[in-house]
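Participant: So the sequence lines, in the order shown, correspond to chains L and R.
Those letters in the first sequence? Residues 1 to 76, per the working numbering, in order.
Those letters in the second sequence? Residues 1 to 217, per the working numbering, in order.
Hints were generated in silico from the structure; no laboratory data involved.
Among the clues, some could well be false.
Below, computed lysine to aspartate or glutamate pairings styled on EDC-like, alpha-carbon distance capped at 20 Å [what the hints assert, rightly or not]: (1) LYS5/R <-> GLU47/L; (2) LYS14/L <-> ASP161/R; (3) LYS14/L <-> ASP125/R; (4) LYS61/L <-> ASP125/R; (5) LYS5/R <-> ASP7/L; (6) LYS189/R <-> ASP146/R; (7) LYS61/L <-> GLU26/R; (8) LYS38/R <-> GLU26/R; (9) LYS166/R <-> ASP146/R; (10) LYS12/R <-> ASP7/L; (11) LYS12/R <-> GLU28/R; (12) LYS14/L <-> ASP3/R.
Listed below are the residues making up each chain.
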Amino acid sequence: MRGKPDDPLRQAGKTLHDDVAPLLAGAGLQLQILRMDHPQTAAQVTEVLATLEDAMDRVRKLSQQLAPSPFTPPGT
Amino acid sequence: MDDHKIMRDGIKAILGRAEDFRVVGEAETGTDAVQYVKTHKPDMVLMDIGLPGLNGVETTAEILRHHPDCRVVILSMYDDEHSVVSAVRAGARAFILKRASDTDLVDALRIVARGGSYLSPQVSDRLLTRIQKGNLESKPATAALDILSPRELQVLRMVADGKTSKEIAVMLDLREQTVRSYRKTMMKKLGVNNVAGLTQLALSTGLTQLPRGAAAE
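Using the sequences plus the hints, can you model the full thing?
Facilitator: As structure tokens, this is what we get:
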């Protein structure tokens, strides 16, 4: 599944990693702050965070399959 | 140190709620971070690993070259051992996986502030498994480029990314003549005659990748 540097799939993986995942992580941080500031929302926020974490794990796995980290030796 | 404002804002807000930390500055690029650290000498830097231009590992090495007492904590979407090993080799004191739910950020920073080091549990679990299996990759990412020094590798990646000697000199705080000298030395060592040859080698070894959009051209 891992593409060459100019492979569109690899570009898609990089987009997932560089653009989509940070948005999910940033949204997660904002939710954590909401939970800190409004403890009465903790149960619902925790539930949303779990869903977000699941989405993030899937994005992480897919992006690493399509575009391994730049520190990965070629051929591995 | 993150190129995404939503991440910087979120981290600032979380640290703002911890009484023992004070956010003194932020930067969007590795070059800006190095300049900031040289001027303000912060105790600690939180560094995104996947930065455009100077990446987080290269920026860490540059920061520590100018301010060896600085404690650099890497924040990463990548959880593979190659990223961890690269970051630790560059001198990072902690490697924290970016997650949406409860982050270990504040706890990790406290450990590093006390002089310790830290790996996110998901990362350390994976590393332990790889070590137990005996297949932890310990070689640098670019075996074909083993003859180059770390600094030459850094310059090569930037040359292949299309940076001019002047731009590289600014990013690495070197004289332009020094960068030209690195280029000549690398060409001699690698047996290539021009920048195109260096770029081709950097791409073929995976040292760098084609810029986004190049695949469609």
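Participant: Hint by hint, say whether it matches the structure.
Facilitator: Hints and how they fare:
Restraint check for LYS5/R and GLU47/L: the C-alpha separation of about 25 Å exceeds 20 Å, so the hint is violated. At most 20 Å may separate the alpha-carbon atoms for a hinted pair to count; LYS14/L and ASP161/R meet this at roughly 16 Å. Distance check on the hinted pair: LYS14/L and ASP125/R sit about 25 Å apart at the alpha-carbon level, beyond 20 Å; violated. Between LYS61/L and ASP125/R, the direct Cα distance comes to roughly 16 Å. Compliance with the 20 Å bound is thereby established for this hinted pair.
Taken as a hint, the LYS5/R and ASP7/L pair is broken in the structure, with Cα atoms around 29 Å apart against an allowance of 20 Å. A hinted pair counts as satisfied when its Cα atoms are at most 20 Å apart, and LYS189/R with ASP146/R qualifies at roughly 10 Å. A distance of roughly 29 Å separates the Cα atoms of LYS61/L and GLU26/R; the hinted pair therefore is violated under the 20 Å criterion. Proximity of LYS38/R to GLU26/R is assessed by CA-CA distance (about 13 Å); at most 20 Å being required, the pair is judged to hold.
The straight-line distance between the Cα atoms of LYS166/R and ASP146/R is roughly 26 Å, outside the 20 Å bound, and the hint therefore fails. For the proposed pair LYS12/R and ASP7/L, the alpha carbon gap of about 36 Å is over 20 Å, so the pair is violated. With a C-alpha separation of about 14 Å, the suggested pairing of LYS12/R with GLU28/R holds against the 20 Å cut-off. Only pairs whose Cα atoms come within 20 Å are accepted, and LYS14/L paired with ASP3/R is accepted, the gap being roughly 15 Å.
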